[in-house]
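Undergrad: Chain residues, written in single-letter form:
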Amino acid sequence: MAAVLQAAALLMGSQTDIKTFRLRSALRSAPVRHEGFFVIRTEGRLSATSGVMPRRAKLIPNAVAVKADTTASSAASKPGHELLLFEALREGLEEEMERDPRVCVMGEDVGHYGGSYKVTKGFATKFGDLRVLDTPIAENSFTGMGIGAAMTGLRPVIEGMNMGFLLLAFNQISNNCGMLHYTSGGQFTIPVVIRGPGGVGRQLGAEHSQRLESYFQSIPGLQMVACSTPYNAKGLMKAAIRSENPVVLFEHVLLYNLKERIPDEDYVLCLEEAEMVRPGEHVTILTYSRMRYHVMQAAKTLINKGYDPEVIDIRSLKPFDLYTIGNSIKKTHRVLIVEECMRTGGIGASLRSAIIDNFWDYLDAPIVCLSSQDVPTPYAGTLEEWTVVQPAQIVAAVEQLCK
Amino acid sequence: MSSFSALKILPSHPIAGEHRRHSSPFHAAPAGRLLRSSGANYLSSSSSVTAAGRPVRVLSANVVSNEKQIGSALAAITSKEALDLYEDMVLGRSFEDMCAQMYYRGKMFGFVHLYNGQEAVSTGFIRLLTARDTVVSTYRDHVHALSKGVPARAVMAELFGKTTGCCRGQGGSMHMFSREHNLIGGFAFIGEGIPVATGAAFSSKYRREVLKESCDDVTIAFFGDGTCNNGQFFECLNMAALWKLPIVFVVENNLWAIGMSHFRATSDPEIWKKGPPFGIPGAHVDGMDVLKVREVAKDAIARARRGDGPTLVECETYRFRGHSLADPDELRNPDEKARYSSRDPIAALKKYVLEHNLVPESELKAIDKKIDELIEEAVEFADSSPAPPRSQLLENVFADPKGFGIGPDGKYRCEDPGFTQGTAQV
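Those sequence lines, one after another, are chains B and R.
In terms of the numbering used here, the first sequence opens at residue 1 and continues consecutively.
In terms of the numbering used here, the second sequence opens at residue 404 and continues consecutively.
There may be inaccurate statements among the hints.
Below, simulated SDA-like cross-link-like pairs (lysine to any residue); rule was C-alpha separation at most 25 Å, straight line [stated by the list, open to error]:
1) R:483 - R:768
2) R:814 - B:363
3) B:126 - R:617
4) R:608 - B:130
5) R:608 - B:242
6) R:608 - R:634
7) R:608 - B:363
8) R:615 - B:391
9) R:615 - B:94
10) R:814 - B:333
11) R:814 - B:244
12) B:331 - R:647
13) R:772 - R:784
14) R:608 - B:114
15) R:647 - B:101
16) B:118 - B:257
Now the in silico label distances, taken between C-beta atoms and shown as ranges [to be verified]:
17) B:99 - R:705: 31 to 41 Å
18) B:382 - R:666: 50 to 60 Å
19) B:137 - R:787: 19 to 29 Å
20) B:393 - R:792: 45 to 55 Å
21) B:266 - R:509: 52 to 62 Å
22) B:118 - R:734: 52 to 62 Å
23) B:266 - R:780: 50 to 60 Å
24) R:619 - B:266: 34 to 44 Å
25) B:374 - R:514: 29 to 39 Å
26) B:137 - R:666: 28 to 38 Å
27) B:99 - R:744: 50 to 60 Å
28) R:613 - B:382: 20 to 30 Å
29) B:137 - R:661: 25 to 35 Å
30) B:113 - R:670: 33 to 43 Å
Hints were generated in silico from the structure; no laboratory data involved.
None of these values were measured; they are calculated from a predicted model.
All residues carry an ideal CB built from backbone N, CA and C; glycine is no exception.
Take these sequences, add in the hints, and give me the full structure.
TA: Structure (structure tokens):
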């Protein structure tokens with residue numbers, strides 16, 4: 001059985017390689033390859049949601065991402081428009097609210113105040129107080145209310161003012177979001193999006209610097225994505241709203257002011273898909289959210305040192321895009337996971353076990369997983385810095401892996 | 404605003420004081436003494452309803468109590484209504500008795516909480532609802548499902564864990580759902596159903612005001628006395644009052660939260676009084692009397708349907724069996740049990756119906772027989788139904804099964820023909 005799978009995977013890998021080569025060269029010659037590439041994906045995704053394109057076709061763009069510098073330093077002449085990550089989230093949410101009147105927002109200070117990170121700024125005026133509902137500070141109850149609204153036909157986007165506050169709604173997220181579709185025998189769906197700022201910020205103290213992915217990942221029926229760029233923030237927000245599954249959208253408190261040029265055209269991303277950030281040959285670095293930037297910082301050093309790392313933003317924290325991840329492992333045979341989640345029972349731990357289960361035979365070295373420390377996030381700047389993975393650690397880990 | 408007026412005026416108002424004395428045996432009675440009510444009490448907080456914040460007292464038809472009859476000797480219901488109420492209550496009782504039998508015979512497992520004794524509450528409220536109205540229940544939910552119209556065979560098959568159950572055998576005793584009948588659970592944890600009910604009520608308001616649909620649907624949230632010490636109860640009273648949601652909060656106060664006496668668990672045992680501080684009218688009703696419950700329910704439901712906001716109704720009731728079938732029920736005083744079983748709501752309704760010559764006894768007997776047959780049929784149906792096949796295991800984890808992710812072959816796992824045969828790996 002395993003041998004058959006491997007053979008099939010090899011075959012597929014080689015096919016992909018051919019296409020990779022062809023498309024990559026085509027894209028390199030395109031003058032505005034970065035944006036053009038994105039728009040192609042957008043169209044692919046849109047037609048794919050209607051069920052026309054086969055799954056493999058959808059994935060090819062990932063495998064062929066150009067070796068472009070993805071930090072968005074775009075000239076004004078390029079098409080699209082430039083905005084910050086929180087504005088991209090707002091744009092995605094606003095477009096969905098305009099498209100579908102059943103989409104509504106509820107949470108603390110989402111209305112008149114415009115959201116603690118201004119993701120819903122101006123919405124109350126535009127959509128009214130009922131669609132942009134300022135709730136009392138009662139996380140478990142307003143989350144439950146969102147679930148009840150979702151069961152009866154609405155599509156609420158529930159904002160946790162800080163992701164950590166969602167711990168107060170954990171019963172509702174776990175027992176209701178995660179289970180009601182199943183326990184009702186499929187009769188009810190819970191199309192809610194639960195989103196908010198999380199992760200380790202700048203000296204926000206332990207309770208406001210939570211890494212909650214590990215807590216949520218074993219809830220059955222709950223899907224999780226993490227955005228990391230304005231482009232994917234908008235696309236994932238829209239996809240999460242359109243999904244019939246309850247989706248937790250992780251935003252990082254330190255990424256809200258990232259700037260990027262994004263297409264003017266309407267686009268929706270695939271919730272289950274990883275994003276190729278930088279193709280390479282020597283080692284696969286799997287990361288997500290803010291750690292993507294620590295990885296890219298490390299990548300610069302690594303490139304100068306002669307390494308060619310492949311960086312993948314896994315984006316979908318549950319389920320994992322094992323196709324993109326697997327193809328990369330089949331190429332590099334080495335894996336480094338860099339995450340901000342807790343070490344114990346974190347995303348990295350799950351990812352590592354998924355890779356061992358599925359791609360063991362392709363590995364030339366043990367998987368290395370750099371996670372943040374299992375401590376309540378300390379207040380002091382120095383201690384906080386040592387809690388999360390730093391670029392120097394990533395460089396050292398790659399050097400070790402590729403020895 | 405209205406909540407302020409209630410808070411300020413109630414304690415000092417002479418009528419309010421008298422009202423409290425009359426309807427509040429709790430303070431005078433030593434803990435553990437039976438609650439008694441002579442009818443339905445309303446404590447309205449709405450200054451628009453009651454001039455100068457004066458609370459209104461409503462007495463509905465006095466059926467069960469031994470006190471002198473209030474009002475005319477005319478029956479409060481038509482014979483058609485009487486038959487409907489009687490049938491629904493007998494259905495609830497017989498179904499639960501059969502559940503006990505089936506549980507001891509090993510046909511169903513787990514925690515099974517029976518509703519015996521509380522039928523007047525379910526019947527009194529739910530039989531007034533339309534099909535579009537929503538019901539949210541607790542772990543003691545079989546009879547709420549039946550009253551809402553879920554077929555007995557579907558509920559029984561669910562309890563037997565069969566694929567023909569109302570949740571395909573995936574929910575069980577404490578998780579009854581029916582989309583067709585707008586029963587949205589079935590919540591096993593204390594208090595968690597109340598916000599979901601609040602959300603359903605929010606949907607109704609949203610449909611009317613944002614989507615401009617003609618929607619006057621009402622949601623009823625049932626829960627017990629134990630829940631009223633939980634924060635979610637208060638949080639939702641606040642939100643429902645704040646947004647004037649079309650919801651009725653129905654407390655089935657059966658005096659016991661498993662083994663915790665209501666009087667040992669709460670600082671003020673009069674739950675209905677917890678509405679007015681939030682600007683919600685509170686009503687107190689004899690929950691062993693279906694006609695009184697119905698009377699109060701009519702007002703509360705009509706109020707919600709008009710868009711006037713939520714009502715808190717405390718129904719004083721009693722469960723005739725232990726907390727669940729796993730509870731030996733050794734703690735409760737036999738005298739207390741005896742007192743309440745002498746006030747059996749079904750016997751009381753029967754007596755009322757016969758005394759008012761609403762229906763001949765033969766018709767009631769015909770209903771008893773009909774229900775017996777229905778329950779027998781439900782058991783046969785459940786017993787002969789197939790158990791869920793293995794392929795069903797993974798079918799409803801994600802509404803959009805793509806959430807199961809992308810396998811090593813690059814396809815969505817759910818596209819794999821053998822997908823549901825294996826174990827979910829996401």
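Undergrad: State for each hint whether it applies.
TA: These are the hints, each one checked on the structure:
1. Annotation: proposed proximity of residue 483 (chain R) to residue 768 (chain R) holds, straight-line Cα distance about 15 Å (limit 25 Å).
2. Our distance criterion of 25 Å between C-alpha atoms is met by residue 814 (chain R) and residue 363 (chain B), whose separation comes to about 22 Å.
3. Pair hint residue 126 (chain B) plus residue 617 (chain R) holds up; C-alpha atoms about 23 Å apart against a cutoff of 25 Å.
4. This hinted pair checks out: residue 608 (chain R) and residue 130 (chain B) have alpha carbons roughly 9 Å apart, not beyond 25 Å.
5. A C-alpha spacing of about 22 Å is found between residue 608 (chain R) and residue 242 (chain B), which places the hinted pair at or below 25 Å, so the restraint holds.
6. Between residue 608 (chain R) and residue 634 (chain R) the CA atoms are separated by roughly 24 Å; this keeps the pair inside 25 Å, and the hint holds.
7. Between residue 608 (chain R) and residue 363 (chain B), the direct Cα distance comes to roughly 57 Å. Violation of the 25 Å bound is thereby established for this hinted pair.
8. About 54 Å separates the Cα atoms of residue 615 (chain R) and residue 391 (chain B), which puts this hinted pair outside 25 Å; it is violated.
9. Taken as a hint, the residue 615 (chain R) and residue 94 (chain B) pair is honoured in the structure, with Cα atoms around 20 Å apart against an allowance of 25 Å.
10. Restraint check for residue 814 (chain R) and residue 333 (chain B): satisfied, since their Cα atoms lie roughly 22 Å apart, inside the 25 Å limit.
11. At roughly 20 Å between alpha-carbon atoms, residue 814 (chain R) and residue 244 (chain B) fall within 25 Å of each other, so this suggested pair holds.
12. Taking the CA atoms of residue 331 (chain B) and residue 647 (chain R), the gap is near 60 Å; set against the 25 Å cutoff, the hint is violated.
13. This hinted pair checks out: residue 772 (chain R) and residue 784 (chain R) have alpha carbons roughly 18 Å apart, not beyond 25 Å.
14. Straight-line distance between C-alpha atoms of residue 608 (chain R) and residue 114 (chain B) comes to about 23 Å, which keeps the hinted pair within the 25 Å bound.
15. At roughly 21 Å between alpha-carbon atoms, residue 647 (chain R) and residue 101 (chain B) fall within 25 Å of each other, so this suggested pair holds.
16. Restraint check for residue 118 (chain B) and residue 257 (chain B): satisfied, since their Cα atoms lie roughly 11 Å apart, inside the 25 Å limit.
17. The hinted window of 31 to 41 Å between residue 99 (chain B) and residue 705 (chain R) holds, with their beta carbons roughly 37 Å apart.
18. Here the CB-CB span from residue 382 (chain B) to residue 666 (chain R) is close to 55 Å, well matched to the stated 50 to 60 Å.
19. With their beta carbons about 52 Å apart, residue 137 (chain B) and residue 787 (chain R) fall outside the hinted range of 19 to 29 Å.
20. Evaluation of the 45 to 55 Å hint for residue 393 (chain B) and residue 792 (chain R) yields a pass: the beta carbon distance comes to about 50 Å.
21. The hinted range of 52 to 62 Å is satisfied by residue 266 (chain B) and residue 509 (chain R), whose Cβ atoms lie roughly 58 Å apart.
22. Checking the proposed 52 to 62 Å range against residue 118 (chain B) and residue 734 (chain R) shows it holds: the Cβ atoms sit about 55 Å from each other.
23. Checked against the hint of 50 to 60 Å, the pair residue 266 (chain B) and residue 780 (chain R) passes, with Cβ atoms roughly 55 Å apart.
24. Look at residue 619 (chain R) against residue 266 (chain B): about 37 Å separates their beta carbons, and that is inside 34 to 44 Å.
25. At roughly 36 Å, the beta carbons of residue 374 (chain B) and residue 514 (chain R) sit within the given window of 29 to 39 Å.
26. Distance hint for residue 137 (chain B) and residue 666 (chain R): a CB-CB separation of about 31 Å, consistent with the stated range 28 to 38 Å.
27. Taken as a hint, the range 50 to 60 Å holds for the pair residue 99 (chain B) and residue 744 (chain R), whose Cβ atoms sit roughly 58 Å apart.
28. Our hint of 20 to 30 Å for residue 613 (chain R) and residue 382 (chain B) is violated, since their Cβ atoms are close to 50 Å apart.
29. A beta carbon spacing of about 31 Å between residue 137 (chain B) and residue 661 (chain R) agrees with the range 25 to 35 Å that was offered as a hint.
30. Between residue 113 (chain B) and residue 670 (chain R) the CB atoms are about 35 Å apart, so this pair conforms to the stated range of 33 to 43 Å.
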